[in-house]
Amino acid sequence: MRTSPSSPHAYSDDGHESHSMLRTHEPLDKAQPRIPFYRRKRQYLCLCCLCLLVVSALAYFYISISKPAHQVAQDLHFSTEIDLLDPSLYLHGPPTQSFRDNLRTESKYITSWISAGWTNDVMTYINLIYLALITDRIPIIPMFVPSHIGGDKPNVDFSEVFDVQQLARDVGIPVLEWHQVKNRTSEVLDDLGCWNTWEAVQEHEHFARRSPVTSHLKFDISYTKAPSWIKVIPHFEHDRHAYFWALASLAFPESRQANLITPSESPFHRLMLPPDEHLLCFDYLYYVCAHQPFEFEFDYSPAWRYVGQHMRWTTRLGAIGDSYVRAAFQTPDESTTPPYISIHIRHGDFKNWCGQNPIKDCFASVPTIARRVEEVKAELRESRNLNVDHVILTSDEGDEGWWKEVMDQGWFRIDHSKTVERYGAWYPVLIDAVIQSGGIGFVGTDRSTMSNLARRRVQSWHNGVVRTIKWGHLGADDH
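Okay, so the sequence shown: first residue is 1 according to UniProt numbering, each after it adds one.
Don't take each hint at face value.
Unchecked claim - No more than 20 Å apart at the CA atoms, straight line, and that leaves these computed lysine to aspartate or glutamate pairs for EDC-like:
{"no.": "1", "residue 1": "Lys351", "residue 2": "Glu295"}
{"no.": "2", "residue 1": "Lys404", "residue 2": "Glu382"}
{"no.": "3", "residue 1": "Lys108", "residue 2": "Glu177"}
{"no.": "4", "residue 1": "Lys218", "residue 2": "Asp276"}
{"no.": "5", "residue 1": "Lys418", "residue 2": "Asp396"}
{"no.": "6", "residue 1": "Lys225", "residue 2": "Glu199"}
{"no.": "7", "residue 1": "Lys360", "residue 2": "Asp389"}
{"no.": "8", "residue 1": "Lys377", "residue 2": "Asp477"}
{"no.": "9", "residue 1": "Lys418", "residue 2": "Asp446"}
{"no.": "10", "residue 1": "Lys108", "residue 2": "Glu277"}
{"no.": "11", "residue 1": "Lys377", "residue 2": "Asp399"}
{"no.": "12", "residue 1": "Lys108", "residue 2": "Glu199"}
{"no.": "13", "residue 1": "Lys351", "residue 2": "Asp361"}
{"no.": "14", "residue 1": "Lys218", "residue 2": "Glu254"}
{"no.": "15", "residue 1": "Lys360", "residue 2": "Asp446"}
{"no.": "16", "residue 1": "Lys225", "residue 2": "Glu254"}
{"no.": "17", "residue 1": "Lys470", "residue 2": "Glu295"}
{"no.": "18", "residue 1": "Lys225", "residue 2": "Glu177"}
What the hints assert, rightly or not - Estimated spans, in silico, between C-beta atoms of each pair:
{"no.": "19", "residue 1": "Pro332", "residue 2": "Phe207", "range": "56 to 62 Å"}
{"no.": "20", "residue 1": "Pro338", "residue 2": "Gly424", "range": "24 to 30 Å"}
{"no.": "21", "residue 1": "Phe236", "residue 2": "Asp408", "range": "21 to 27 Å"}
{"no.": "22", "residue 1": "Gln257", "residue 2": "Pro154", "range": "40 to 46 Å"}
{"no.": "23", "residue 1": "Gln459", "residue 2": "Lys360", "range": "29 to 35 Å"}
{"no.": "24", "residue 1": "Ser228", "residue 2": "His473", "range": "46 to 52 Å"}
{"no.": "25", "residue 1": "Asp83", "residue 2": "Phe294", "range": "23 to 29 Å"}
{"no.": "26", "residue 1": "Glu397", "residue 2": "Gln330", "range": "35 to 41 Å"}
{"no.": "27", "residue 1": "Leu189", "residue 2": "His473", "range": "49 to 55 Å"}
{"no.": "28", "residue 1": "Lys360", "residue 2": "Ser417", "range": "26 to 32 Å"}
{"no.": "29", "residue 1": "Glu205", "residue 2": "Gln459", "range": "22 to 28 Å"}
{"no.": "30", "residue 1": "Ser255", "residue 2": "Glu397", "range": "45 to 51 Å"}
These are computed hints drawn from the structure, not numbers from a lab.
In this text the structure is predicted, and so the values were computed from the model without any measurement.
Here a beta-carbon is modelled for each residue, glycine too, at the ideal position from N, C-alpha and C.
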């Protein structure tokens, strides 16, 4: 039976147990007492323990000061519950007319702009936050702009879509939004020097990537062309990717200084400014990877693993999406939402990639989609002992004849007839994304970034079963 540490027979502070052992084994020759030797031995042991304690403390201190800021922030969070989104820790106060008046001198920041459809813009912001992690900076995220639904629609804050507080906790760094830094109604045109990555990775446009965000935030930007060695595949016109760490190196003084060239003039104030050191800025971060282009397609993607999977929907948006699923399934109020398989089929502008192939041969047929759904169902039965009967399909397809064929499979369709009226023009695509991510299984469209992110979410959030449908010619998905 094990004795407790408080038992006198376990560890004795006064040395009685050791003295008793000494008497049991003491030598016959009393002229050579051994007790002083044991006392010295205890003293040596105490001294050794003290030395080990000092060395351990010094080692811990060294490791602590060597950690990057995001790791220190994580440690602080677990020990003191610091609010990573408390603006007073990273900004001087409420939004100011000029952004510089709100940035703290002891902190460094990073930002970038968006210039594509909504899903690609989400991926761009994932890359921005990952770059913030590896450069030890605080990301400042702009809004989403309505590039996919018409420029006359309002912008949407990042935090209306994603739970920023949870994101900050999970990635271990503060995540700020521009409306926290600069007043939305400010008329101050701020000067800023940024890196121009676009001109370094492609040769057709000889200017920085253009974005409406800079106008909304009222920036007058002077761009410095980034070095050509940031490009993943040099001189290859069909790819535009840059390496994360190539860009990250420009955040540090030596590499920055070594690669400065004459900046371009800003369009309004005609200033030529080098890239800002306090607020690191890049024109466009969609085409960035760690190892190979279009890295979100691969499960090792560091941007997805360390940032993207932590970008959860807000509670409100998640609840709205769930209400649409329940309405489609006609789930009773007292019942939980049943597990389902989600499908995303993109057609729309993909027809432009069909070439000479007829559309009906270019896109996967409904029976082809059904075959993939059955594969997902079978794997769920085998791996989870789970029978999933509910299947819900989202698509940009407008042909009602095609939709009838879908419904004949027994699958469900989302009713968006009143969505814009209820929630606004942004919400059909946002709700579809929530629904796609909520499935225990997912079937998506090859080369669709919306399908790609939905597939990643289903895998990361639900350990779900996924399939991707090939398309482009007749029989493309045969296997």
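Quick rundown of the hints versus the structure:
1. Distance restraint check for lysine 351 and glutamate 295: the Cα-Cα separation of roughly 24 Å exceeds the 20 Å cut-off, and the hinted pair is therefore not satisfied.
2. Simply put, lysine 404 and glutamate 382 have alpha-carbon atoms about 31 Å apart, too far for the 20 Å limit, and the pair is violated.
3. Restraint check for lysine 108 and glutamate 177: satisfied, since their Cα atoms lie roughly 15 Å apart, inside the 20 Å limit.
4. Only pairs whose Cα atoms come within 20 Å are accepted, and lysine 218 paired with aspartate 276 is accepted, the gap being roughly 16 Å.
5. Using a Cα cut-off of 20 Å, the hinted pair lysine 418 and aspartate 396 holds, with the two alpha carbons roughly 17 Å apart.
6. Proposed proximity of lysine 225 and glutamate 199 is supported: the alpha carbons are some 7 Å apart, at most 20 Å.
7. Straight-line distance between C-alpha atoms of lysine 360 and aspartate 389 comes to about 28 Å, which puts the hinted pair past the 20 Å bound.
8. Taken as a hint, the lysine 377 and aspartate 477 pair is honoured in the structure, with Cα atoms around 18 Å apart against an allowance of 20 Å.
9. For the hint pairing lysine 418 with aspartate 446, the CA-to-CA distance comes to about 30 Å; that exceeds 20 Å, so the pair is violated.
10. Restraint check for lysine 108 and glutamate 277: satisfied, since their Cα atoms lie roughly 8 Å apart, inside the 20 Å limit.
11. Of the pairs offered as hints, the one joining lysine 377 and aspartate 399 is violated, with about 27 Å between alpha carbons and a cut-off of 20 Å exceeded.
12. Restraint check: the Cα-Cα separation between lysine 108 and glutamate 199 comes to about 26 Å, which exceeds 20 Å; the hinted pair is violated.
13. With a CA separation close to 11 Å, the supplied pair lysine 351 and aspartate 361 stays within the 20 Å bound.
14. Of the pairs offered as hints, the one joining lysine 218 and glutamate 254 is violated, with about 30 Å between alpha carbons and a cut-off of 20 Å exceeded.
15. For the given pair, lysine 360 sits about 16 Å from aspartate 446 by alpha-carbon distance, which is consistent with the 20 Å threshold.
16. For the hint linking lysine 225 to glutamate 254, the alpha-carbon distance of about 17 Å falls within 20 Å, and the restraint holds.
17. Distance check on the hinted pair: lysine 470 and glutamate 295 sit about 18 Å apart at the alpha-carbon level, within 20 Å; holds.
18. Annotation: proposed proximity of lysine 225 to glutamate 177 is violated, straight-line Cα distance about 26 Å (limit 20 Å).
19. For the pair proline 332 and phenylalanine 207, the beta carbons lie near 57 Å from each other, so the given range of 56 to 62 Å is met.
20. A beta carbon spacing of about 28 Å between proline 338 and glycine 424 agrees with the range 24 to 30 Å that was offered as a hint.
21. Take phenylalanine 236 and aspartate 408: their Cβ atoms lie about 46 Å apart, and the range 21 to 27 Å is violated.
22. Here the CB-CB span from glutamine 257 to proline 154 is close to 42 Å, well matched to the stated 40 to 46 Å.
23. A beta carbon spacing of about 31 Å between glutamine 459 and lysine 360 agrees with the range 29 to 35 Å that was offered as a hint.
24. In this structure, serine 228 and histidine 473 break the distance hint of 46 to 52 Å, their C-beta atoms being roughly 36 Å apart.
25. Aspartate 83 and phenylalanine 294 have their C-beta atoms about 36 Å apart, which leaves the hinted 23 to 29 Å range violated.
26. Hint check: glutamate 397 to glutamine 330, Cβ distance near 23 Å, so the stated range 35 to 41 Å is violated.
27. A beta carbon spacing of about 51 Å between leucine 189 and histidine 473 agrees with the range 49 to 55 Å that was offered as a hint.
28. Under the hint 26 to 32 Å, the C-beta atoms of lysine 360 and serine 417, about 27 Å apart, fit the expected range.
29. Our hint of 22 to 28 Å for glutamate 205 and glutamine 459 is violated, since their Cβ atoms are close to 36 Å apart.
30. Judged by the Cβ atoms, the range 45 to 51 Å given for serine 255 and glutamate 397 holds: they are separated by roughly 48 Å.
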